[in-house]
Amino acid sequence: MNLTRSQLAGLMDHTLLKAVATPSDIAQICQEAIDIQAASVCVNPVNVPQVAQLLKGTGVKVCTVIGFPLGANASATKAYETKRAIADGAEEVDMVINLGALKAGQDETVYQDIAAVVEAAAGVLVKVIIETSYLTDPEKVRACQAAARAGADFVKTSTGFGGGGATPADVALMKRSIPAGMKVKASGGMRTWADVEPNLAAGADRLGLSASLAVLAGADLPD
Numbered sequence: 051m052n053l054t055r056s057q058l059a060g061l062m063d064h065t066l067l068k069a070v071a072t073p074s075d076i077a078q079i080c081q082e083a084i085d086i087q088a089a090s091v092c093v094n095p096v097n098v099p100q101v102a103q104l105l106k107g108t109g110v111k112v113c114t115v116i117g118f119p120l121g122a123n124a125s126a127t128k129a130y131e132t133k134r135a136i137a138d139g140a141e142e143v144d145m146v147i148n149l150g151a152l153k154a155g156q157d158e159t160v161y162q163d164i165a166a167v168v169e170a171a172a173g174v175l176v177k178v179i180i181e182t183s184y185l186t187d188p189e190k191v192r193a194c195q196a197a198a199r200a201g202a203d204f205v206k207t208s209t210g211f212g213g214g215g216a217t218p219a220d221v222a223l224m225k226r227s228i229p230a231g232m233k234v235k236a237s238g239g240m241r242t243w244a245d246v247e248p249n250l251a252a253g254a255d256r257l258g259l260s261a262s263l264a265v266l267a268g269a270d271l272p273d
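In my numbering, the protein residues as written are 51 to 273.
If you are wondering where the hints come from, they were derived from the structure by calculation, not from laboratory data. Possibly wrong hints are sitting among the right ones.
[As the list claims (entries may be wrong)] Cut-off 27 Å, straight-line C-alpha distance, at most; resulting in silico cross-link-like pairs (DSS-like, lysine-lysine):
no.: 1; residue 1: Lys153; residue 2: Lys233
no.: 2; residue 1: Lys233; residue 2: Lys111
no.: 3; residue 1: Lys153; residue 2: Lys225
no.: 4; residue 1: Lys233; residue 2: Lys106
no.: 5; residue 1: Lys133; residue 2: Lys68
no.: 6; residue 1: Lys106; residue 2: Lys225
no.: 7; residue 1: Lys111; residue 2: Lys225
no.: 8; residue 1: Lys106; residue 2: Lys133
no.: 9; residue 1: Lys106; residue 2: Lys68
no.: 10; residue 1: Lys133; residue 2: Lys233
no.: 11; residue 1: Lys111; residue 2: Lys68
no.: 12; residue 1: Lys133; residue 2: Lys111
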């Protein structure tokens, strides 16, 4: 693969979304992300103010999650959560779609839900989590189409809490289902370079990883 180890780090959203994450845990992952120059640190909204302070001036962005992990909040709640997170310092938001509406064929509801977050984000980068492990391939395609129509920047495979994670087949399908200007984030279940490499080869543009350091250490790439 035509990447250096530092370029690989620059694709990583270094992630800690555990309910029991303490301020010291958050500080640790921020320092790790700074050391490797990750793309971002991705945390729950309550941790955004701390992360924004720790990452200021480092070049590493602050990422948070919206409607996480079920996607079952009201759209107005997701929109408020987005505005609040951005006010607290978030520079990227990863939202979970209304999965029940998608399963029911209510694509307009799915679109409106995503659009509410995109509007609230007001230019801040939005990634749309479609939770692939719950979906058929046609449902994955429809979710990607709704995200594209709503003006989102990325579609993302998984929360990591839904019993499944990124697969090369899903990444490739999602890549085919979005316009050229959109990107795909592979997330969930990737603990090693052997897990990550096939998803990159399939077209992933960003990686959601809690095991960023292990992946980097195991990557067969030049520095």
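Hints numbered earlier in the text: which of these fail when held up against the supplied structure? Checked against the structure, the only hint that fails is number 6, while the rest are satisfied.
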